[in-house]
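In terms of full-length UniProt numbering, the sequence shown is residues 1 to 128.
Bear in mind the hints are in silico, worked out from the structure with no lab data behind them. What you are looking at is a predicted structure, and each value in this text was computed from that prediction instead of being measured. None of the hints are false.
Ranges of calculated distance between the beta carbons of each label pair, as one might list FRET restraints:
#1 Q22 to G47: 12 to 20 Å
#2 V21 to V95: 32 to 40 Å
#3 E99 to I20: 32 to 40 Å
#4 V109 to D46: 22 to 30 Å
#5 L118 to E54: 15 to 23 Å
#6 G7 to S122: 40 to 48 Å
#7 E54 to H9: 17 to 25 Å
#8 G47 to K25: 15 to 23 Å
#9 L118 to H56: 17 to 25 Å
#10 N43 to I20: 18 to 26 Å
#11 D61 to Q98: 28 to 36 Å
#12 S120 to D6: 36 to 44 Å
#13 D16 to R55: 17 to 25 Å
Think about it this way: if two alpha-carbon atoms lie no more than 25 Å apart in a straight line, the pair counts; the simulated DSS-like pairs of lysine-lysine are:
#14 K5 to K59
#15 K25 to K105
#16 K25 to K35
C-beta: ideal position from N, C-alpha, C; glycine also.
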Amino acid sequence: MATFKDGDHAVLTCNDRTKIVQIRKERPIFIDKNKIYLDHIINESDGSYFELKERHLCKIDTSQAKNLVQPEDTSSDNAGQDNRNLCDEGTVNQVLQQEEIEQLKSEGVSGQSIISQLVSKSATFDKK
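Working from the sequences, and respecting the hints, build out all of it.
In structure tokens form, the structure reads like this:
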């Protein structure tokens, strides 16, 4: 399998968006409002999975990546349900505040861990 070299192009998929980027050592790219360095993917295999940690993409194993992609829940418990009757009441529904999320990010906490905390501190997540 081919490996990435400085100057190569790569296809990144993030939050259902796909972007073609050039891998340049010590030069950032911007995705949404994130400044990301691609230095850590140089010499990694094409088709690898990465997670954003402290402005760098860090490789994760395939089994861990597959765990991040959750299949759609089609069980009968959720059949016919929707979230149109849920009200967005801000801090009432979500206890974890933006400042706390930013603090977790600056401490280098993984994206999966932050998502787990958001889900566990949401009053309405299980109703969606």
